[in-house]
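Asker: Residues per chain are reported as follows:
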Amino acid sequence: MDIKNIHEQVDATLQSIDTMSRAEMSTFFYTRLQAKLDKQPAPTRWQLLFMSLTKPAFAVVTLSLFVVLNITAITITLKDKQQSTTTAESSTMQGFAQEYNLSVSTVYTDKTDRK
Amino acid sequence: MLITALQQGAQQAFSQLVEAHQHMVYNVALGIIQQQQEAEDIAQEVFIQVHQSIKDFKGEAKLSTWLYRITITKSLDWQRRKTRKKRFGIMQNLFGVNNEVMFETPEFHHPGVAMENKEQAAVLFKAINVLPDNQKIAFTLNKVEGLSYQDVADVMNVTVASVEAYLHRAKENLRKQLTTYYTQTSK
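Same order as they appear, the protein sequences are chains B and Y.
By my numbering, the letter at position 19 of the first sequence is numbered 19, and the numbering carries on one by one without gaps.
By my numbering, the letter at position 105 of the second sequence is numbered 105, and the numbering carries on one by one without gaps.
Mixed in with the good hints, there may be bad ones.
Going by beta-carbon spacing under 7 angstroms, a handful of chain Y positions derived as facing chain B [unchecked claim]:
| no. | residue |
| --- | --- |
| 1 | Q16 |
| 2 | A20 |
| 3 | N27 |
| 4 | F57 |
| 5 | F108 |
| 6 | M115 |
| 7 | L124 |
| 8 | T180 |
Where chain Y lies over chain B, by a calculated footprint (3+ residues, C-beta under 8 angstroms) [stated by the list, open to error]:
| no. | region |
| --- | --- |
| 9 | 4-16 |
| 10 | 58-65 |
| 11 | 71-80 |
Calculated from the structure, these hints are not laboratory results.
Quick caveat: nothing in here was measured; it's all calculated off a predicted structure.
Even glycine gets a Cβ: it sits at the ideal position worked out from N, Cα and C.
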């Protein structure tokens, strides 16, 4: 077969479905479909719960709540850390001063010593 | 009105829906998977899914567009499952588990093709079967189902320009395949 013939064959093949009509479903399809639907069990409570949990609106709300709770927890944790750092610093300094007898002398201490 | 009735679970409405769209759903599934019994099974799955999820249908697209999309998704899923089984079958052959040639694609004769074009159409459908998914869908919807470029774009959720591109590439690929086929068969 020469090249011209091959091209003609290819064109004819590409055009072979141009006048094609739509395929039709076999008869009693609806009856078989209805029978299949009737056999399907009704969804259980757990399935219904799962279906509502996977709805986009519910997922967005849950995720937002999760993010807000996390931000709140992180904020509280950071505040607590700052406070405990300040307290820890002052108690460390007092301990250091006591160990090396570096306590600050007051007027009352002076007066007592002189007596 | 039909959608409202469907969402309320009216049996009559569902029956009307099936009657109005069963041939369309079947024709699209058949064009993609090229097996009649399986195409009918897919059509059943499509309407079962519609029956179960019609309450979630928001009406952003036409009902027919929604049906086309479900049909295409289920047809492509079926094809992927079949390809996986085929690969497994090839592995079995390699390891000598099964000596039969498994999963040979039978020649497909679309029932809507005229008698004088049947053989050529069978060759064409074999070539369509190996197109990339987007090209296969666009070609099937346009040529097999007869949808306009705009309708194909609505179903595929792309622009008309994209549909034109898919169809152009599909025709190029088909032409290449067919040329190779006829060159080899002429030797």
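Asker: With reference to the structure, classify each hint as holding or not holding.
Answerer: Hints, one by one, checked against the model:
Annotation: interface hint on Q16 of chain Y violated; nearest CB of chain B at approximately 10 angstroms, more than 7 angstroms. At a threshold of 7 angstroms, the smallest CB-CB gap from A20 of chain Y to chain B is about 11 angstroms, leaving the interface hint violated. Interface hint at N27 of chain Y: satisfied, since its Cβ lies 5 angstroms from the closest Cβ of chain B, which is below the 7 angstroms cut-off. This hint is violated: F57 of chain Y has a C-beta 14 angstroms from the nearest C-beta of chain B, more than the 7 angstroms allowed.
Of the supplied interface hints, the one on F108 of chain Y is violated, with its beta-carbon coming no nearer than about 11 angstroms to a beta-carbon of chain B, more than 7 angstroms. Of the supplied interface hints, the one on M115 of chain Y is violated, with its beta-carbon coming no nearer than about 11 angstroms to a beta-carbon of chain B, more than 7 angstroms. With a cut of 7 angstroms, the hint placing L124 of chain Y at the interface with chain B holds, because the nearest CB-to-CB distance is about 5 angstroms. Proximity of T180 of chain Y to chain B is violated relative to the hint, the smallest CB-CB distance being about 10 angstroms (cut-off 7 angstroms).
Figure legend: the region 4-16 of chain B, annotated as covered by chain Y; annotation consistent (9 residues with Cβ-Cβ distances under 8 angstroms, at least 3 required). Check result for the region 58-65 of chain B against chain Y: violated, 0 residues qualifying (beta carbon to beta carbon below 8 angstroms, three or more required). A stretch counts as covered by a chain when three or more of its residues have a beta carbon under 8 angstroms from one of that chain; for the region 71-80 of chain B and chain Y the count is 0, and the coverage is violated.
The structure does not agree with the numbered hints 1, 2, 4, 5, 6, 8, 10, 11 stated previously, though it agrees with the rest.
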